[in-house]
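Asks: Each chain, letter by letter, is given below.
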Amino acid sequence: MKRTTTTRTTAVVATVLATGLLAGCAEELPTPKPEAPVAAAVVTQSQEREILDKVAEVVGKVEKSRDADSLAARLDGPALSIRETQLEVADARGDKEPLTDLAMEMQQVILPSDQDWPRSSFAITVQPKDLTTPVLMAFDQATARDQYKLWGWVRLLPGVTMPQFAEADLGSPAVPEDDESLKVTPEDAIKQYASVLTVDKDSKYAENFADDDLRQFFRDYGKLQVDAINKEECGGSFEVEYEPTKDPVKAVRTADGGALVLASMISQETITAKEEGCEIGPPTKTTKALWGDTEVSNVVEVNYEDMVAMYVPPKDSEDEISLVGYEHVPSSVSNG
Amino acid sequence: MVAVQAHLGEGRVRIPTEPHKHARHWTVLLVRSLCWNIHLIDGHAPNIRRESVVQRILATLLILAGLGGIGYGVATATVLRESDTVVATATPSGDGTMVVTEPGVLGLVDDQVTVRATVPEGQKVTLALGSDVDVLGWVGDDPYDSVTGLSSWETLSVAPGTAAATEEEAADGEETDDAPAEKPASGPDPAGSDMWISEVSGETTVSLRWTEEPGRVVLLAAGVGKDAEAPTLELTWPRPVTTPYLWPGVLGGSFLLILGVFIAIGARRKKNRGNKGRTPSAVRTRQPDSELPRRDAVFEVDGEQSSPSAHEPGGGLPPALGDPVEGGTAVLPPASPARPGRGQAAQSTPEPEQDQTRSWGAPASFGGAAPITPPPAVEPAPGPVAAPAASIRGIRRRRGQGSGAPADPAQPPAQPTPFGGAAPARAPMAPGTPDPAQAAPPAAAASDKPMTRREMRMRDQAQRRAATGAMPTVPASEPEPEPEAEQPETPSSRAAAWRQTWGVTGNDGGN
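So the sequences go chain by chain: A and B. Using the numbering used here, the final residue of the first sequence is 336, and nothing's skipped along the way. Using the numbering used here, the final residue of the second sequence is 511, and nothing's skipped along the way.
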């Protein structure tokens with residue numbers, strides 16, 4: 001009995017202990033179970049918010065310090081160039097009027113879904129305090145080790161209807177410059193639009209584009225200048241010449257398969273008094289500020305830096321390419 | 001335990017009486033072999049002491065085992081409890097200055113992870129969390145180590161990372177300006193990128209906490225600056241620790257503990273009873289040794305049986321024992337003589353064995369089967385031997401629901417077996433016939449009282465067990481009367497039967 005009992009007890013205890021120990025060791029090592037990659041924006045809205053804050057901080061600081069060199073940290077491409085110009089003009093004028101309000105309070109963000117670089121995101125500000133129209137901004141991350149930078153912006157046309165985009169969380173794919181799914185490739189769209197802006201209805205591409213505020217502006221503005229000169233019987237003329245820059249064209253897919261295209265251009269308007277003896281000076285406050293001590297002649301040439309944003313419909317669409325917004329910043333003036 | 005004891009008891013009895021039949025059951029053989037040792041040990045010493053000693057030992061072992069079980073159960077929840085955290089370390093292979101975890105690694109054990117990165121003293125290290133695409137894009141073409149998972153609970157598996165195609169393209173496209181310049185000599189610093197969800201930089205050691213969120217978030221750890229080295233990573237997760245052995249250990253241990261305590265109490269009672277009975281025992285000692293030991297054994301057994309049975313809330317049988325308790329007390333006095341008898345009863349070695357077995361049998365009573373033993377009670381005439389045979393039958397019945405058992409008992413017990421299904425009334429009848437004249441009268445008297453109760457129980461049991469045929473209860477009733485008789489020889493045999501009947505039957509069976 002003793003033996004039996006002892007043996008049994010021992011066996012029981014040993015079994016319990018062994019089971020316990022084994023069970024302790026038997027727990028399997030977990031293996032990584034990553035979530036499957038999902039189609040989503042590569043920039044989250046919270047990240048975008050931080051990016052916007054960082055850019056806005058730089059823009060705000062520079063606006064006060066006028067230390068244009070600091071802009072490079074968060075501005076790039078056309079935006080950097082245009083902002084520097086605006087700062088110069090503002091300095092020349094002595095006020096802030098030339099400075100586009102770049103407060104980064106957004107009513108909509110359009111985030112990238114492409115994992116590759118460069119990545120671009122877009123954002124539309126709320127109505128600025130000065131009651132100018134909202135601004136459409138484009139941000140760019142050239143490489144993974146670069147920061148997001150403000151690449152360009154346009155002021156939206158009054159009353160313009162923005163195309164629909166995919167939900168911000170899903171992200172919107174970028175559209176390459178030569179994308180064929182559009183009525184016109186983004187690259188060509190800019191070239192054609194430059195033509196249209198230059199010669200208006202005489203452009204062979206005119207039929208591709210809906211009339212817009214910018215074209216109307218030049219008609220009105222040109223007429224104004226010409227009328228003013230003609231009033232003096234000086235034989236005035238007004239010309240505008242647009243030309244795309246070498247900067248890449250940014251385009252992002254819209255919900256309907258079209259694209260929102262942003263591109264920078266440079267333009268030059270030339271006001272001429274053809275009659276002998278007539279002299280004309282810079283027409284606007286800004287151009288006057290830029291004019292400085294330049295001798296007056298019968299010609300005024302004003303150089304602009306431009307950004308345009310267009311909606312390019314998909315290939316099979318009946319719609320025309322339409323301007324969404326533009327920025328038109330005088331950068332220099334000359335007497336021809 | 002109880003069952004085991006019962007078997008052991010049987011084994012002893014069988015061996016002398018009918019080895020062949022018993023041998024059929026391999027289990028019986030096993031039991032025998034086990035019991036033999038006990039026999040040898042027990043045989044020499046007086047029954048009561050042996051019993052109590054063995055019981056004490058058993059009780060002690062059970063209590064110890066119970067305490068051990070409880071202790072182990074508690075220990076698994078305390079001292080032996082696994083660490084609440086998992087800490088795993090990744091040692092970089094030495095190639096490159098960056099370490100990147102694969103998606104899912106950060107949430108490997110728990111959603112909450114604390115990352116600690118260490119670089120040689122004085123160097124700068126940066127930890128950054130970002131999506132896998134962003135991180136690998138940032139790493140670009142630079143060599144790095146990839147943490148792929150756990151290779152053990154303490155170490156992370158590290159493999160040289162491979163740049164994805166997309167990142168290579170991206171790198172080719174635009175990184176040519178900045179990246180290449182940094183790559184060779186010094187470790188690039190990921191700090192400050194817009195892409196990071198969270199980041200931290202510092203010297204020598206930095207740590208970062210992260211609660212897993214949806215998405216494929218990975219960690220980028222980079223040694224920064226000149227002569228930078230890839231940092232050593234340490235990931236710490238809290239881990240929910242379960243204590244699966246706590247309650248089983250405590251409950252199982254408690255059971256053993258309680259069982260042990262019961263046995264211990266039983267042993268004490270024996271002692272006490274034995275002491276009380278000593279006076280009568282002296283009387284008995286005068287009587288023949290052989291008989292005395294038997295009686296003693298029986299009485300003791302009864303006493304034990306009765307007490308345990310009383311304690312046991314178990315099967316219907318125990319209630320029957322209620323009567324026996326009285327009988328048990330009555331019986332006790334005779335038991336006392338047994339002790340003195342022991343010393344004298346060297347000759348009667350087999351008997352003491354029986355007694356012991358019987359005493360052991362008391363626990364056996366727990367098993368419902370005990371009643372079966374009554375058939376042996378019929379045999380008591382032959383003496384202790386007959387009783388064991390009956391017990392064996394009972395055992396067989398229990399196990400096999402003993403079709404074979406009836407054959408043995410066929411003489412008197414034959415009835416009980418059939419009775420299994422039948423009414424208890426017959427049972428009393430049967431015992432009367434087989435039992436010696438002495439036994440018969442007491443049996444009748446005893447039967448009257450118990451009969452009603454027994455009948456009740458019997459019927460219930462019969463209804464329940466009908467199929468099993470473990471009718472022993474009936475025969476048990478017969479033996480009971482015998483103890484009352486208190487005659488020298490017969491009482492012992494009857495006592496055995498009585499025990500059996502009482503549910504001590506198990507013990508009897510043991511005999």
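Take these hints with a grain of salt, some might be off.
Quick partial rundown of chain A residues pointing at chain B, CB under 10 Å, derived from the structure [what the hints assert, rightly or not]:
no., residue
1, R8
2, A39
3, E50
4, A56
5, T143
6, N230
7, K231
Pairs of lysine to aspartate or glutamate, DMTMM-like flavour, derived with a Cα cap of 25 Å [as the list claims (entries may be wrong)]:
no., chain 1, residue 1, chain 2, residue 2
8, B, K226, B, D95
9, A, K96, A, D116
10, A, K201, A, D220
11, A, K33, B, E234
12, A, K33, B, E212
13, A, K33, B, D110
14, A, K33, B, E154
15, A, K33, B, D84
16, B, K124, A, D146
17, A, K64, A, E50
18, A, K54, B, D95
19, A, K33, B, E199
20, B, K226, A, D146
21, A, K231, A, D146
Source of the hints: derived by calculation from the structure; they are not laboratory data. A virtual CB, placed ideally from N, CA and C, is assigned to each residue, including glycine.
Asks: Return the numbers of the hints above that this structure violates; sort them in rising order.
Replies: Per hint list: 2, 4, 6, 7, 9, 18 and 21 violated.
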